[in-house]
Amino acid sequence: MFSGARNLRRTFIGIALLAVGLVAGAALAQEGHPLKGSWLGEWTGNQVLGDNILLILDWDGKAVTGMINPGTDNIRLTKASLDPNGWVVKIEADAKDKSGAAVHYVIEGHIENLELPNRQITGTWSSQKGRGKFAVARQ
Amino acid sequence: MNMRAAARIGALFAAALVARGAGAHHALAAKFDDTRPLSLAGIVTLVDWRNPHVHVFFNVTKPDKSVENWAVELESTVLLKKSGWSRTTLAPGDAIKVDGIAARDGTRQLWGSNVTETATNRRVLNVTDTAPRPPEVARPTPRWPDGTPQLGAPTSAGGYWAYPTSSVLMQAGAKVSMNGDGVLAKLADAPQVAPFQPWALGLYQHRQQRHLADDPSFLNCKPPGAVRQFQQPYGVQFVEDRKNKRMFVLIGSGNRNYRIIYLDGRARQGQVQGDDDNPLYYGRAVGHWEGDTLVVETSGFNEDFWFSNGGLPHTDKLSLVERFSRPNLDTLRYEVTIDDPGAYTKPWSSGWELKWVGGEELPVYFCQDNRS
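Line by line, the protein sequences give chains A and B.
Residues in the first sequence are numbered from 1 upward in steps of one, following the working numbering.
Residues in the second sequence are numbered from 1001 upward in steps of one, following the working numbering.
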């Protein structure tokens, strides 16, 4: 039962992400702060939240803010930064697993193809529950 | 098929191959390397007379007698026409010599600074367009009956503002060398250009290192919003709607875009009912007169364009205070204070002048023409 519900949930998220991707089509222009926008991709091997991730990032002039999987898992970022020296991205967020136990995520990567609207962030994610590759593209 | 027809098709095919990528409008420095001068002689095969840039294709015979088709890229039809040239100035079969600079990617293209007819030694298709010479004695500022300066044309003969004394943006007092497109002579000077936040400086340097090749004005025909409308080669025209207390700024280089400055005292919200949740390329502008100076406050910009030549970043927190004055008929003084706490550490200012081109309407120029 639990496994079935989880599969159903994963299917739902997958369809939602696919829909976002289809609607987004070509990435919207964004010539301001390079992190601002919606990012879609995978954090491979995430047993808690699944492989797919939708990341929303914003820039308020002083800090990067944002959210992971809005509307589904709805995880607010606790820290996010961009170092223009190498365009290094660091993101932290606190989530909970199915049992309600805290899961602290750390994402480290860098921006590739900075000049493109559909630039990417590639790197790794880690938590006390696992680690893996991280890759998202701006929509 | 006879030999002549076969040769013609071959030449056109070669021209098409050379032209691949030649159609896209671009910052000159992004495509051509001014450290690689190149001179070639050959026979014209095709004249592609259209905006954004005119191309002349010509066959060059190499020492081993083989023939290569080259493309020389020239200024827009607007600038060439203003310099006295037309689509019939050169024709297939004409012998020419071309001086210019080579393409960065090694393709058979050059940016032409000079094209000479070999037979007559006449320079053709070179740009001689310069700002109109102002009269010896400054002509007085045209004014409305109530004494307010006119920023537009004082007669029905028309007129517009062009030939900015600076086509680049940097903070007042900065001593930085850059070309007319805003490409820095030394990348190390970047921090002097404006009081950048670290990410904005990094992005500016990245754009500079790529010779502004990613400029959305050229790649995607994005409008020259904000400061950039006053840095354009084809100028701007003010149309004053005194009855309805608004002023239109027609943009000569942005696909016939326009901007509205409201002078009726409304809040900076665009539509009377407000539409400030919709960020725009030209933002929302309200203005008032302080003596002989029109002071315009604008905010509500989107982040989909470069707000200046040279690739300075901005965010949707950008707001401008622009001051327009016309000290005499032939001069428009433009002063701007840029406040963008999303990209810069403090407000900063700049300014330049534009020259009056009387008795003419804005040149017609559509960036989209390069997509045809």
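It is possible that part of the hints are untrue.
From the derived model, a few chain B residues whose C-beta atoms are all more than 12 Å from chain A [stated by the list, open to error]:
1) Asp1064
2) Val1067
3) Val1124
4) Ser1166
5) Gly1173
6) Gln1197
7) Gly1202
8) Tyr1204
9) Asp1215
10) Asp1304
Calculated lysine-lysine pairs in the BS3-like style (CA-CA distance at most 27 Å, straight line) [as the list claims (entries may be wrong)]:
11) B/Lys1317 - A/Lys62
12) A/Lys96 - A/Lys133
13) B/Lys1317 - A/Lys36
14) A/Lys36 - B/Lys1346
15) B/Lys1346 - A/Lys62
16) A/Lys79 - A/Lys90
17) A/Lys98 - A/Lys36
18) A/Lys79 - B/Lys1082
19) A/Lys79 - B/Lys1175
20) A/Lys62 - A/Lys98
Derived by calculation from the structure, the hints in this document are not laboratory data.
The structure presented is a predicted model; accordingly, all values stated were derived computationally and were not measured.
Even for Gly, the Cβ is constructed at its ideal location relative to N, Cα and C.
Hints versus structure:
1. Asp1064: holds, 40 Å
2. Val1067: holds, 37 Å
3. Val1124: Fine: 37 Å to the nearest Cβ keeps B/Val1124 off the interface.
4. Ser1166: holds, 22 Å
5. Gly1173: holds, 25 Å
6. Gln1197: Nearest chain A Cβ is 8 Å from B/Gln1197, so the label is violated.
7. Gly1202: Label violated. Min Cβ-Cβ 3 Å, cutoff 12 Å.
8. Tyr1204: violated, 10 Å
9. Asp1215: violated, 10 Å
10. Asp1304: Given a closest Cβ separation of 4 Å, the condition is violated.
11. B/Lys1317 - A/Lys62: holds, 12 Å
12. A/Lys96 - A/Lys133: holds, 20 Å
13. B/Lys1317 - A/Lys36: holds, 13 Å
14. A/Lys36 - B/Lys1346: holds, 21 Å
15. B/Lys1346 - A/Lys62: With Cα atoms ~13 Å apart, B/Lys1346 and A/Lys62 stay inside 27 Å; holds.
16. A/Lys79 - A/Lys90: Status holds; Cα separation ~8 Å.
17. A/Lys98 - A/Lys36: Roughly 30 Å separates the two Cα atoms, so the pair is violated.
18. A/Lys79 - B/Lys1082: violated, 57 Å
19. A/Lys79 - B/Lys1175: Violated - the C-alpha atoms of B/Lys1175 and A/Lys79 are around 39 Å apart, more than 27 Å.
20. A/Lys62 - A/Lys98: violated, 34 Å
Hint violations for this structure: numbers 6, 7, 8, 9, 10, 17, 18, 19, 20, all remaining hints satisfied.
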